[in-house]
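Given next are the chains, with one letter for each unit.
Number of protein chains: 2
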Amino acid sequence: MSTAKPIDIGDFESEMAALGTKARTAAQALATTSADTRRAAIEAMAKTLAAGSDQILRANAEDMSDARAAKLNAAMLDRLELDAERVGAMVAGIREVAALDDPLGRMLGEWTRPNGLRIERVSIPIGVIGIIYESRPNVTADAGVLCLMSGNATILRCGSESFRTSSAIAKCLRHGLDTAGLLEDCIQLVPTRERAAVGILLTMDQDIDIIVPRGGRSLIERVREDSRVPVLAHLDGICHIYVHAAANADKACDVILNAKMRRTGICGAAETLLVDRAILDMLPKILAPLHEVGCEVRGDAEVCSLDNQAVAASKVDWDTEYLDAIISVGVVDGLDSAISHVNRHGSHHTDAIISEDGAAAERFLNEVDSAIVVHNASTQFADGGEFGMGAEIGISNGKLHARGPVGVEQLTTYKYKVHGNGQVRP
Amino acid sequence: MSTAKPIDIGDFESEMAALGTKARTAAQALATTSADTRRAAIEAMAKTLAAGSDQILRANAEDMSDARAAKLNAAMLDRLELDAERVGAMVAGIREVAALDDPLGRMLGEWTRPNGLRIERVSIPIGVIGIIYESRPNVTADAGVLCLMSGNATILRCGSESFRTSSAIAKCLRHGLDTAGLLEDCIQLVPTRERAAVGILLTMDQDIDIIVPRGGRSLIERVREDSRVPVLAHLDGICHIYVHAAANADKACDVILNAKMRRTGICGAAETLLVDRAILDMLPKILAPLHEVGCEVRGDAEVCSLDNQAVAASKVDWDTEYLDAIISVGVVDGLDSAISHVNRHGSHHTDAIISEDGAAAERFLNEVDSAIVVHNASTQFADGGEFGMGAEIGISNGKLHARGPVGVEQLTTYKYKVHGNGQVRP
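Chains as they are written, first to last, in this note's numbering: chain C, 1 to 426; chain P, 427 to 852.
Think of the hints as simulated: they come from the structure by calculation, not from any bench. A virtual CB, placed ideally from N, CA and C, is assigned to each residue, including glycine. Fair warning: there could be bad hints in the mix.
[As the list claims (entries may be wrong)] Computed list of lysine-lysine pairs in DSSO-like fashion (alpha-carbon distance at most 30 Å, straight line):
hint, chain 1, residue 1, chain 2, residue 2
1, C, K71, C, K47
2, P, K711, C, K315
3, P, K741, P, K711
4, C, K251, C, K171
5, P, K448, P, K473
6, P, K741, C, K22
[Claimed, not checked] Covered, in the sense of this in silico footprint (three residues per stretch, anywhere, with C-beta under 8 Å from a C-beta of chain P), are these stretches of chain C:
hint, stretch
7, 23-32
8, 283-293
9, 318-330
10, 401-411
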């Protein structure tokens, strides 16, 4: 007769604490490595990952079989599934990170005081980064390697449905680190599916410096509310496009269609369209391409009166991130009214103005309080790769530390190095 | 018959919420003002403050009379007391802030993507800053004006013993803002001594972007633990000086005496001295000046065996911020051992090495994980003014957003401005 062993929470907490201690030790050793050492380790990880492809795919097949039995929906199954091509893409993605500029040891400032003290402000790693993610197992490699390139140790907590796959990936990465002569604890995966692990991670403020949650709204909300460790994330991407009185109609149509429909499920997708009363006659032309591709238009009373395909928006629509082929459309009375709508209903993520009037655009860019403000281009450019910053671990809409795409540079902090010759303070 | 009116917590909370809303509105207007406008407002505030000197001193006399009746100790009374000279110093201090470089609108980065998108990363204000401070009423002016220069609105919460004085100062500042055509709500003082106000401020994460606590350990601990708003502060300044094998004895003596004794009550004061075993013969010479000025030496067994004036340190001494004429002194076996002691027992604030060996010093500066690391100079230089950054609102030993002195530059964040010409994302 077999009985399930009851979980001893005391043991479990000490196991989690041990992860923290090992991460801190690894981070200290990693902090002073050269870029060459970190790049060589990434290359070693790319090789061990490629070599471990069969084991990873076997583990993934088991995860997929459980996931199908648990009746996960098609989108979740697709995010979970790996094949040789996807493993290949993961390996290629890792190698791209090694090609980034070294974010460490950048001289952010250097000056000499009248008393002869020379002060340098130098970029250094943050330390230990906790990543809590859902189904995509490739995050194990992407996030682990991005943190490593910026000199940080990671503690990764994968979704339970990808546990076998993520474990197999982490094993390959750690083997690669070891091969390259770095501590394998630079990358650790929480070795249990136990749900309580997330709660414990969020309290480990002595050994984890930032938590980056990647996943759905409920995960991010929970992490934000419960974490004693600072969190880098964004909860919503309620992105706006404002068509100003001086907009070019063709640009407006192209940009709006792309911003809404290129991919509806990403955080930079537009959710609300504000049309200036001065160019209301442009409205049918603007909405036609959206209707054509099957986008639902939820309009205010005026929009509905001008467009018989539109349905009436309710109050909550103006604060909703649809992540779907739906757009709310409202009429505003000029630039000030648009800016105030965006600041009130937006999520400080990414917002755009379409206008040929440079001064009006500049006011919008200055006065809209968002991480990314865009003139005459799609909100879907809100992405570290599109910004030329290389891979990103996520996008932040907080105001402290990092705003917008969080790439290797944003995973660093700084210290002041003060060089003296015996100076004392008067 | 008069009865005390019971506090209606509901009303009180809505009053606090109203402060938040007014601060947010003021911050939005302030964010896009020019440096000239902000400098003119600071000059106007300096004038109204100077003109209000009599009222401020009358309010201070009442606070002092209550404080004496409440038997506050001499140090607290001294921090609370103002005279014409101290008001004059406050006015002069404000004018110095107006002379700082404008921290807003700095181009932190600017690049053009292959698709023609031009991306700018520009410094902007954080928004609304909450300052919670204890007895010194001059913080009302110092902090309020420092935040204003960096484009931020403030909500100030003074200590109850300085309530009348701080109110009088705030009234002058707000009158100055009004004179200069800015919203007086750029600077607001919580209009009650009610203790519950602090707890409410810490929950106002919608309308306050950072909280900066200034005061004793219990205040900072409480704010750190309870705040839903991010906190910029340091709890401890357990600063170390390590005398390396290649130290110059005279420099060591001068720097140690200054670092420990110049002012014992500031966060940059040294608390622990680590002496390398290789130069133990230097120990009597190093400790003599400390004994001479009456500094208590708490040594490990070896130090006590070499110095009969030393008393035995207990285990807690190595983790204690004395803020007094006491120093713990231990012997370490070389550089690695010193670095590991500092990283384990320090508070990541400011730590120094004394050595003529540049390579050893560089390793100490690189491997000690502190906001400020110092070679051959006093730890008491840990100060925004001494760094040439102008006035500071405090020192941070956190790793996110700002480390070390928090001046006007550290009170900013950034946004990305993306300039396009109709680009859509493929």
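Right, here's what the structure says about each hint:
The hinted pair formed by C/K71 and C/K47 fails the criterion: a straight-line CA distance of about 34 Å is larger than 30 Å. Only pairs whose Cα atoms come within 30 Å are accepted, and P/K711 paired with C/K315 is rejected, the gap being roughly 77 Å. At roughly 25 Å between alpha-carbon atoms, P/K741 and P/K711 fall within 30 Å of each other, so this suggested pair holds. Distance hint between C/K251 and C/K171 is unfulfilled; the C-alpha atoms sit about 49 Å from each other, more than 30 Å.
Of the supplied pair hints, the one linking P/K448 and P/K473 holds, its CA atoms being roughly 25 Å apart against a limit of 30 Å. With a CA separation close to 24 Å, the supplied pair P/K741 and C/K22 stays within the 30 Å bound. With a threshold of 8 Å between beta carbons, the proposed coverage of the stretch 23-32 of chain C by chain P holds, since 3 of its residues qualify and at least three are required. Here the stretch 283-293 of chain C counts 0 residues with a CB under 8 Å from a CB of chain P, which misses the bar of 3, and the coverage is violated.
Counting residues of the stretch 318-330 of chain C whose CB lies closer than 8 Å to any CB of chain P gives 0, so the stated coverage by that chain is violated, three being the minimum. With 3 residues having a beta carbon nearer than 8 Å to a beta carbon of chain P, the stretch 401-411 of chain C meets the requirement of three or more and the stated coverage holds.
This entry does not satisfy hints 1, 2, 4, 8, 9, going by the numbered hints stated previously.
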